[in-house]
Amino acid sequence: MAYEIGLSTPTVPNRGFTLWIWSVVMVIVAGFFVLGRFAIRCHNRRIGTDDWVILASLISSVLLTVTECSAVHYGYGKHLKDIALDDRVKALKWFYGAQIVYKVVITVNKISFLCLYLRIFIQPVFRRVCYGGIAFLSAWGLAYILVTIFQCTPVAAFWDKTIAKKSCVNSKAQWLSYAVINIVCDVAILALPIYPVSKLHLAQGKKIALAVIFGMGTFVCITSIIRTTTLAESANDTRKDPTSGPIPATIWSVIEANVGIICACLPVYHQPLKWCLPRLFGSQHSADPSVNRSRGRGHKTPGRSLSLQDRKDMAWRELHGSGGSYSNNVSTQGFEMCDVEGRKTETNEIIRMTDVSVSYQDDQRSDASSKPIRGRAED
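Numbering (full-length UniProt numbering), first residue to last: 1 to 379.
Hints in this document: simulated from the structure, not taken from any laboratory. These numbers come from a predicted model, not from an experiment. By construction, the Cβ of each residue, glycine as well, lies at the ideal position given by its N, Cα and C atoms. It is possible that part of the hints are untrue.
Unchecked claim - Pair ranges (Cβ atoms, derived):
{"#": "1", "residue 1": "His270", "residue 2": "Ala56", "range": "15 to 25 Å"}
{"#": "2", "residue 1": "Ala156", "residue 2": "Gln271", "range": "47 to 57 Å"}
{"#": "3", "residue 1": "Gly48", "residue 2": "Leu85", "range": "48 to 58 Å"}
{"#": "4", "residue 1": "Gly36", "residue 2": "Ile149", "range": "28 to 38 Å"}
{"#": "5", "residue 1": "Ile208", "residue 2": "Ser177", "range": "16 to 26 Å"}
{"#": "6", "residue 1": "Ile163", "residue 2": "His270", "range": "46 to 56 Å"}
{"#": "7", "residue 1": "Pro10", "residue 2": "Pro272", "range": "41 to 51 Å"}
{"#": "8", "residue 1": "Arg128", "residue 2": "Ala2", "range": "13 to 23 Å"}
{"#": "9", "residue 1": "Ala2", "residue 2": "Trp275", "range": "43 to 53 Å"}
{"#": "10", "residue 1": "Gly132", "residue 2": "Asp86", "range": "43 to 53 Å"}
Stated by the list, open to error - As a list, the in silico DSS-like pairs of lysine-lysine whose alpha-carbon atoms are at most 30 Å apart:
{"#": "11", "residue 1": "Lys161", "residue 2": "Lys93"}
{"#": "12", "residue 1": "Lys93", "residue 2": "Lys165"}
{"#": "13", "residue 1": "Lys166", "residue 2": "Lys81"}
{"#": "14", "residue 1": "Lys90", "residue 2": "Lys172"}
{"#": "15", "residue 1": "Lys240", "residue 2": "Lys90"}
{"#": "16", "residue 1": "Lys93", "residue 2": "Lys240"}
{"#": "17", "residue 1": "Lys172", "residue 2": "Lys81"}
{"#": "18", "residue 1": "Lys90", "residue 2": "Lys161"}
Take the sequences, apply the hints, and build the full model.
Right, here's the structure in full:
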């Protein structure tokens, strides 16, 4: 049997080709985003748990594509009457597997968002919320995976329509209940970083830039909503034609799963975006590194007056050290300050250190040389 990709013929209409194309294209695009994410992480030598979780989500998405394309190969997308009995059973088996894998992709993808938040934000309350969210998503995903596996009794009744004595759950109720909880979770995950981002000591423009990056998750919500609108009609058509009726909802399921992976990768692309859009993501004073370096040393810039930079212009970055630390590092026109919060390994106490370096020019000296003053405070 030649490999089929769901093309229609003059006598046999087939909706499978659209599903086949979307499945292949979307997983390739998602794969490039994950590959880029790992390239950035490897360059920074900072691969973490969130990266491995999104990789697991991508692998699940690849399996989803395999199951969808295999179902199309055996006739999924054609009307039931146009498929041979053996191929009909095989097509529905692959579609059955796709339903299970889809729920795995969605669950793991949502968990990857929360793992990324745990990596970025250090507020204790926020982190507890994230851990609670991971526990809820794991339980929710597992529950619906089990419901999907045992949606028919016996299980084989899902793909073998010749079984007379069978009992199956209401597909419409199952799909819609899952979709509603799915959308609520998407909105909650999207809204979670709003508060901690608003509390960062950043210029307003940089806060907006970060909010836009995290707000890309809106596309996941949109695809989830669109998919939900197709479920009712698809569920009704499934009863009449189980191989052709669910196609619209299946296509949007593939799109939703891969858009989620793409959006989960976007916050990691902050540094490339900073290079491309320095005015939005970098310093609001200048994109010229030579100017910034001269200001950091306290030297005058022709045509510009020097003044201390507002505290809101501080740029956050992570520092590595004993016990781990997070740093707020700023190069200003008149000073450089580094706040480091970490943990003493021997006493497990939270410590906060401030490393201040001030350089200035003595106008009374003819050579106008700089005098550096350094100090450190620990509490």
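### Query
Okay, glycine 48 versus leucine 85 on CB: inside 48 to 58 Å?
holds, 50 Å
### Query
Has the given pair, lysine 93 with lysine 240, been kept, meaning a C-alpha gap of at most 30 Å?
This hinted pair holds, its Cα atoms lying about 18 Å apart.
### Query
Going straight from one Cα to the other, do lysine 240 and lysine 90 come out at no more than 30 Å?
Judged against 30 Å, a Cα distance of about 18 Å means the pair holds.
### Query
Does the structure keep lysine 90 and lysine 172 at a Cα separation of 30 Å or less?
holds, 23 Å
### Task
Go ahead and decide if the range 13 to 23 Å is satisfied by the Cβ distance of arginine 128 to alanine 2.
Violated - the Cβ-Cβ distance for arginine 128 and alanine 2, about 56 Å, lies outside 13 to 23 Å.
### Task
For the range 28 to 38 Å, tell me whether the beta carbons of glycine 36 and isoleucine 149 fit it or not.
holds, 35 Å
### Query
Between isoleucine 163 and histidine 270, is the Cβ distance one that fits in 46 to 56 Å?
At 54 Å between Cβs, range holds.
### Task
Take the C-alpha atoms of lysine 172 and lysine 81, compute the straight-line distance between them, and say whether it is at most 30 Å.
Roughly 23 Å between the alpha carbons, so the hint for lysine 172 and lysine 81 holds.
### Message
Does the beta carbon distance between isoleucine 208 and serine 177 stay inside 16 to 26 Å, or does it fall outside?
### Response
Distance hint for isoleucine 208, serine 177 is violated at roughly 36 Å.
#### Entry: Outcome for the supplied range 43 to 53 Å, where the beta carbon pair is glycine 132 and aspartate 86
holds, 48 Å
### Query
Taking only the CA atoms, is the gap from lysine 90 to lysine 161 under or equal to 30 Å?
Holds, because 12 Å separates the two Cα atoms, which is no more than 30 Å.
### Message
Run the distance test for lysine 161 versus lysine 93: straight-line Cα separation, threshold 30 Å.
### Response
holds, 12 Å
Comparing the model with each earlier hint shows violations of hints 5 and 8; every other hint is respected.
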